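Take the sequence shown: its letter number 49 is residue 49 in the numbering used here, and every next letter is one higher.
Heads up, a few of these hints could be off.
Result set (PhoX-like, lysine-lysine): computed pairs, CA atoms no more than 25 Å apart in a straight line [what the hints assert, rightly or not]:
1) Lys11 x Lys47
2) Lys47 x Lys71
3) Lys78 x Lys11
4) Lys71 x Lys83
5) Lys78 x Lys47
6) Lys42 x Lys71
7) Lys65 x Lys8
8) Lys8 x Lys47
9) Lys11 x Lys65
10) Lys11 x Lys42
11) Lys78 x Lys42
12) Lys41 x Lys11
13) Lys41 x Lys83
14) Lys71 x Lys41
15) Lys78 x Lys65
16) Lys83 x Lys65
17) Lys83 x Lys47
What the hints contain is simulated information worked out from the structure, not anything from laboratory work. Keep in mind the model is a prediction, meaning the values are calculated, not measured.
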Amino acid sequence: EALETVLKYSKNIYEIILQYQFDLKFELFPSELESFFIDWKKRIPQKPLSFVIIDSAFCKNRLDKNVENMKIIETYTKLGVVKNFEIGDYS
């Protein structure tokens, strides 16, 4: 829902920083991530996205631990939709 809100109401945002809380069990599913990038690609004006994830190395649902999500991010980076992708560790 957060990513959908950004798409719908934030026309001047080109950097998204998602911070996972250690005790929060949240997972970004590949279908949700791909849908977000598809919709981002359709935005006008088209400007590449900086996508930053901050979480704990101990988080079992870390985005980079999901091979399918990483392939999606790689695809949209090659397409120019994602300009910068980083995973930071706050632990």
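Results of checking the hints against the structure:
1. Lys11 x Lys47: holds, 10 Å
2. Lys47 x Lys71: holds, 21 Å
3. Lys78 x Lys11: holds, 23 Å
4. Lys71 x Lys83: holds, 15 Å
5. Lys78 x Lys47: Judged against 25 Å, a Cα distance of about 14 Å means the pair holds.
6. Lys42 x Lys71: Cα-Cα ~20 Å, so holds.
7. Lys65 x Lys8: Violated, at about 28 Å.
8. Lys8 x Lys47: Given that 25 Å is the threshold and the Cα spacing comes to 15 Å, the pair holds.
9. Lys11 x Lys65: violated, 30 Å
10. Lys11 x Lys42: Holds, at about 12 Å.
11. Lys78 x Lys42: holds, 16 Å
12. Lys41 x Lys11: Roughly 13 Å separates the two Cα atoms, so the pair holds.
13. Lys41 x Lys83: It holds: about 12 Å lies between the C-alpha atoms, which stays within 25 Å.
14. Lys71 x Lys41: holds, 17 Å
15. Lys78 x Lys65: holds, 20 Å
16. Lys83 x Lys65: Measuring from Cα to Cα gives roughly 21 Å; hence the hint holds.
17. Lys83 x Lys47: Answer holds: Lys83 to Lys47 is near 9 Å, not above 25 Å.
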